[in-house]
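Student: Next come the chains, spelled out residue by residue.
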Amino acid sequence: MASIIKGVDALLPLSLPLFHMLLSLTEGERHGYALKREILQRTDKRINLGSGALYGAINKMLEQGLIVESDERPDPHLDDERRRYYRITPLGRRVVHAEAARLRALLQLAEVRLGIPDPV
Amino acid sequence: MIDVTKLYRKLLRLYPASFRQEYEGAMDRHFRDEQRDAQGWKENVGLWTHALSDVAISAPRELVREFGQDLRFALRVYWRRPLSAVIAIGTLAFAIGASTGVFSVTSALLLRTLPFGDASRLVELRFSPFSAGNGHANFAEWRNHSSYLENAATFSTSEMNLNSGRDALRVRVTETSANLFSLLDVQAQLGRTFVPEEDRTGKNHVIVISHRLWQQAYGGNPSLIGSVAHLDGAALTIIGVAPSRFDYPGNVDVWAPTVFDFEVIPKHGAFIWQTIGRLRSGISISQARQEFKADVAHVNPKSFRPDNSPIPELIGLRDQLSSQIRASVLILSSVVLLVLLTALANVAQLLLSRTAERHRELALRSALGASRSRLIQQLTVEAAALTMSGAALGMIVALLVARVAGAVMPAQLATQDYTLLDWHVLCFAIALALITGFAFGIMPTWLIGRIQPSTQVARMHFGTSEPVTSSLRAVLVGLQVAFTLTLLVSSFTIGSAFLRLVHTDLGFQPANAVTLKVSLEGTRYQVGSAKWQYYSAVEERLRSIPGVKAVGAVNYLPLSNSVLMAGTIQMESGPKVSGVVLNGSMPGYFRAMGSELIAGRDFGFDLSNSPEPPVIVNEAFARESGFGPNIVGRRIIAPWTSRPYLVAGIVSTARMAGPEYEGGPQAYWPVKEEPPSALTFVASVSGDPRHYLTQCRDAVVGLDRSVPVYEVKTLDQSLSETMERPRFYTTSVLFLAALALLIAVAGVYSTSARAITQREHELGVRIALGASMQQIRTLILRQGTIPVAFGILAGIAGAAGCGHFLQHLFVGINVSGVMSFIVPSLFLLLIAVGTAWSATTRVLTIDPIEAIRAEH
Numbered sequence: 011m012a013s014i015i016k017g018v019d020a021l022l023p024l025s026l027p028l029f030h031m032l033l034s035l036t037e038g039e040r041h042g043y044a045l046k047r048e049i050l051q052r053t054d055k056r057i058n059l060g061s062g063a064l065y066g067a068i069n070k071m072l073e074q075g076l077i078v079e080s081d082e083r084p085d086p087h088l089d090d091e092r093r094r095y096y097r098i099t100p101l102g103r104r105v106v107h108a109e110a111a112r113l114r115a116l117l118q119l120a121e122v123r124l125g126i127p128d129p130v
Numbered sequence: 028m029i030d031v032t033k034l035y036r037k038l039l040r041l042y043p044a045s046f047r048q049e050y051e052g053a054m055d056r057h058f059r060d061e062q063r064d065a066q067g068w069k070e071n072v073g074l075w076t077h078a079l080s081d082v083a084i085s086a087p088r089e090l091v092r093e094f095g096q097d098l099r100f101a102l103r104v105y106w107r108r109p110l111s112a113v114i115a116i117g118t119l120a121f122a123i124g125a126s127t128g129v130f131s132v133t134s135a136l137l138l139r140t141l142p143f144g145d146a147s148r149l150v151e152l153r154f155s156p157f158s159a160g161n162g163h164a165n166f167a168e169w170r171n172h173s174s175y176l177e178n179a180a181t182f183s184t185s186e187m188n189l190n191s192g193r194d195a196l197r198v199r200v201t202e203t204s205a206n207l208f209s210l211l212d213v214q215a216q217l218g219r220t221f222v223p224e225e226d227r228t229g230k231n232h233v234i235v236i237s238h239r240l241w242q243q244a245y246g247g248n249p250s251l252i253g254s255v256a257h258l259d260g261a262a263l264t265i266i267g268v269a270p271s272r273f274d275y276p277g278n279v280d281v282w283a284p285t286v287f288d289f290e291v292i293p294k295h296g297a298f299i300w301q302t303i304g305r306l307r308s309g310i311s312i313s314q315a316r317q318e319f320k321a322d323v324a325h326v327n328p329k330s331f332r333p334d335n336s337p338i339p340e341l342i343g344l345r346d347q348l349s350s351q352i353r354a355s356v357l358i359l360s361s362v363v364l365l366v367l368l369t370a371l372a373n374v375a376q377l378l379l380s381r382t383a384e385r386h387r388e389l390a391l392r393s394a395l396g397a398s399r400s401r402l403i404q405q406l407t408v409e410a411a412a413l414t415m416s417g418a419a420l421g422m423i424v425a426l427l428v429a430r431v432a433g434a435v436m437p438a439q440l441a442t443q444d445y446t447l448l449d450w451h452v453l454c455f456a457i458a459l460a461l462i463t464g465f466a467f468g469i470m471p472t473w474l475i476g477r478i479q480p481s482t483q484v485a486r487m488h489f490g491t492s493e494p495v496t497s498s499l500r501a502v503l504v505g506l507q508v509a510f511t512l513t514l515l516v517s518s519f520t521i522g523s524a525f526l527r528l529v530h531t532d533l534g535f536q537p538a539n540a541v542t543l544k545v546s547l548e549g550t551r552y553q554v555g556s557a558k559w560q561y562y563s564a565v566e567e568r569l570r571s572i573p574g575v576k577a578v579g580a581v582n583y584l585p586l587s588n589s590v591l592m593a594g595t596i597q598m599e600s601g602p603k604v605s606g607v608v609l610n611g612s613m614p615g616y617f618r619a620m621g622s623e624l625i626a627g628r629d630f631g632f633d634l635s636n637s638p639e640p641p642v643i644v645n646e647a648f649a650r651e652s653g654f655g656p657n658i659v660g661r662r663i664i665a666p667w668t669s670r671p672y673l674v675a676g677i678v679s680t681a682r683m684a685g686p687e688y689e690g691g692p693q694a695y696w697p698v699k700e701e702p703p704s705a706l707t708f709v710a711s712v713s714g715d716p717r718h719y720l721t722q723c724r725d726a727v728v729g730l731d732r733s734v735p736v737y738e739v740k741t742l743d744q745s746l747s748e749t750m751e752r753p754r755f756y757t758t759s760v761l762f763l764a765a766l767a768l769l770i771a772v773a774g775v776y777s778t779s780a781r782a783i784t785q786r787e788h789e790l791g792v793r794i795a796l797g798a799s800m801q802q803i804r805t806l807i808l809r810q811g812t813i814p815v816a817f818g819i820l821a822g823i824a825g826a827a828g829c830g831h832f833l834q835h836l837f838v839g840i841n842v843s844g845v846m847s848f849i850v851p852s853l854f855l856l857l858i859a860v861g862t863a864w865s866a867t868t869r870v871l872t873i874d875p876i877e878a879i880r881a882e883h
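Sequence order for the protein chains is U and S.
So our numbering is basically just the index in the first sequence, starting at one, shifted up by 10.
So our numbering is basically just the index in the second sequence, starting at one, shifted up by 27.
Among the hints, a few may not be true.
Stated by the list, open to error - Only pairs whose alpha carbons sit at most 27 Å apart, straight line, appear in this in silico DSSO-like list of lysine-lysine:
(1) S:Lys-294 to S:Lys-320
(2) U:Lys-70 to S:Lys-230
(3) S:Lys-576 to S:Lys-740
(4) S:Lys-603 to S:Lys-740
(5) S:Lys-230 to S:Lys-294
(6) S:Lys-69 to U:Lys-55
As the list claims (entries may be wrong) - Which residues of chain U face chain S? A partial, calculated answer using Cβ under 7 Å:
(7) Pro-27
(8) Phe-29
(9) Gly-38
(10) Ala-44
(11) Arg-56
(12) Gly-60
(13) Ser-61
(14) Ala-63
(15) Tyr-65
(16) Asp-90
(17) Arg-93
(18) Arg-94
Unchecked claim - Which bits of chain S does chain U cover? Going by a derived footprint, with three or more residues having C-beta under 8 Å, they are:
(19) 57–66
(20) 71–83
By construction, these hints were calculated from the structure, which means they are not laboratory data.
On a predicted model such as this, the values are computed, not experimentally measured, just so you know.
Backbone N, C-alpha and C fix where the C-beta goes; we use that ideal spot for every residue, glycine too.
Using the sequences and the hints, build the whole thing.
Tutor: Here's what the structure looks like:
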């Protein structure tokens, strides 16, 4: 267990695109382009992942065991066999949780230091 | 219309193989989706800008990541078999290092520009119609009206005595027209160089000194500007110090603008004029050459007489400076190239063996889905890691080689201040490493093309004979043997020529002799009988040193690089002898030199009781006169006095320029008759002559400190300086041939050894069926010897083809001898057979039962 926690810590902090991608995948399986669209929308077009950056990040997360490729495919006439679908792993979930917790702690520290009032 | 998605797919080729294999389809799909969603030309432009910047950022990142992985994998592969990796890296390091080192000298000599402004337009005019001898006005007239030269300078260089208040020094002085520095576009480091009118009478009492002389004689004192120095007694003002990197025309200590006014510094003897010029812009060398020849023909038609008179020529200054050793440098570069090729063939063979050994691993990976380009990338990275490490280590070897080669070879390059290892050389080494890495990347690729996953995996449990790699390896061994034999023949030829040089009879005995020079120019002994009194005193002082056996003196000492003046001498009865070097000697000179007096006698000190002055000729003179030994007692007419001289004796012919060159005819007259202003003394001593150097120098300096005593050394030292070049070439070629031999032997050994491992199963069956160990060994040996035999044949052809180039290295190299082919061939064959035989001892360790069982 200790080694998993240590493993999780070693993967932090996540880069912003990685965090967004993992966050999207917690809601269900996605293919690459769907991930890109979702992140684009969610960040108000601020994070626009090109295919190289996207698949580079996917490749990295696959290697780290944060995601796996999914075997389940949608209805064949809706699908293109070249599309790749990905699913988050339990390790991926722990990592994205840990990152969220880290960000929250950081935010709380900032609120205290800067005296930002809690939203009412 | 352009298919934009096709264009995008092309862009995807920038990604590394593995990444592309995995995501190419998905990325292509991704791009099509983006394209579908983009509306209007603005969004389409945005899409492409984004896609391009995405590729530009992510492709290098993925390349680095994947190559990192490949590199780690390569290191693990090499770590498992470290010995062959170490051998390959070592071989490459030596080969790349040696080539780079020699290239650094070649590049310094032949490729780089001279340290003069716009050096490519500088030319030397050999036998120009106008030298300083024509006088200032004529020279200026010719220069200003030249159609091909923008400017020209003329100069003459000689040795003089410099007296600046302390001990007198012997220095090399270039007397020049005032524009030499401005022509070469060189500024003074301290003070100034000459201004235009300073080569006119009355204004030319100024000098510029070299940086070296400034440091050595003046301790780098900046306040010397304006001080007075005496050159051969003439008082001249120092106006500047030349920059340290400037040394033209070579080994110069002082420049003086007195070339049109030779009366400023008193002169004796003949001079050699040199003229250099700067071409007008837009005029090519060949154009200038034609105009120059027309110029010479117009001014001086005699220059084109069909006899031996020198032919006028205009050549680039760089070519002129490098001409003497250009051929040698190119030959050495070729020799090094042969070693490099041997090494590359060897490493290629090694890598090929390794790839063949890993055939199964690669086939398995291919069957598991690795693409061909993925495997090629892996093998290329492995090869590149090997060559790059080899090249990095090779830089250290290059540094050593360059230092040695630079120290010994280009003495003439003192003119050029250059660093041996600069970016040219670095680029050369990197290119060499890249080419070899690429070549070794290509070869395994070619093999992979032949890997058929299905058949290879199916055949995994059977011995593979790999006919392609085997024959390719045989070719590589053949090549190594051929290159090595070419080198062995060269080293045999050059080595025997060197031995011949060492054993050449010089006409004198260089052991046990000390030599030193004195010059009386500008001293108080210069006039009248004072000269002879001084020389007699030197002779007496040297003779009184304990251990000195004989003392003599001469005008021109052998091995001293003096410029010899030759003339024609008329026999009183009989023919003329031409090309005779007139040399003056003091009694005892021949005895001190160990020259053999073949007939007659030496001069005595007292010439008063002979009615005719005596002269001694050498054997070559006696032979060419047609009289042979009977010349003694005959008379010659001396061209310098037109008086008859009596031939008193014949002495053995001295090789003046060292063992490489035959000695010509010489006549020695007694120097007492008309003492020259400089003489070289020789003292033969008992025991090691080096122990006498200081003693002899001090004895002569003690006589009068204002007379410079210089070039105090042993005759052996002079001989070894003359032999420096031949010795360097011989050592380098021998060393490089030995290196190639070592590499080739390793190649032969590994092929034979590999043939056994590869065929262990088959050999096991043969043994089980009753073949004796000797029969098996003979079988392997026969197969191993075939490529060696072919290599030897190719090597003989190669050596015969390029052997004659060697003759440019030094005189006496003769490649036509059959022995120079037979001996190295037999030597190489013997070594190769011995190596292959010793490799076959592995056969003895084969257990037939194990060998057969292991394959099933």
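Student: Would you mind marking each hint as holding or not holding in the structure?
Tutor: Checked hints:
1. S:Lys-294 to S:Lys-320: violated (31 Å)
2. U:Lys-70 to S:Lys-230: Distance of about 82 Å is beyond 27 Å: violated.
3. S:Lys-576 to S:Lys-740: holds (17 Å)
4. S:Lys-603 to S:Lys-740: With a Cα-Cα distance of about 37 Å, the restraint between Lys-603 of chain S and Lys-740 of chain S is violated, given a limit of 27 Å.
5. S:Lys-230 to S:Lys-294: holds (19 Å)
6. S:Lys-69 to U:Lys-55: Distance of about 16 Å is within 27 Å: holds.
7. Pro-27: violated (12 Å)
8. Phe-29: With a closest approach of 18 Å, the Phe-29 of chain U hint is violated.
9. Gly-38: At about 19 Å, which exceeds the 7 Å cut-off, the nearest Cβ of chain S leaves the hint on Gly-38 of chain U violated.
10. Ala-44: This interface hint is violated because 9 Å lies over the 7 Å limit.
11. Arg-56: Violated, because the Cβ-Cβ distance from Arg-56 of chain U to chain S comes to roughly 13 Å (cut-off 7 Å).
12. Gly-60: Gly-60 of chain U check passes; min Cβ-Cβ to chain S is 3 Å, inside 7 Å.
13. Ser-61: Nearest chain S Cβ about 4 Å off; hint holds.
14. Ala-63: holds (5 Å)
15. Tyr-65: holds (4 Å)
16. Asp-90: Given a least distance of 6 Å, the restraint on Asp-90 of chain U holds.
17. Arg-93: Nearest chain S Cβ about 6 Å off; hint holds.
18. Arg-94: Nearest chain S Cβ about 5 Å off; hint holds.
19. 57–66: Held - the region 57–66 of chain S has 4 residues with a Cβ nearer than 8 Å to chain U, which meets the minimum of three.
20. 71–83: Coverage by chain U holds for the region 71–83 of chain S (5 residues, Cβ < 8 Å).
When the structure is compared with the earlier hints, violations turn up for hints 1, 2, 4, 7, 8, 9, 10, 11 and for no others.
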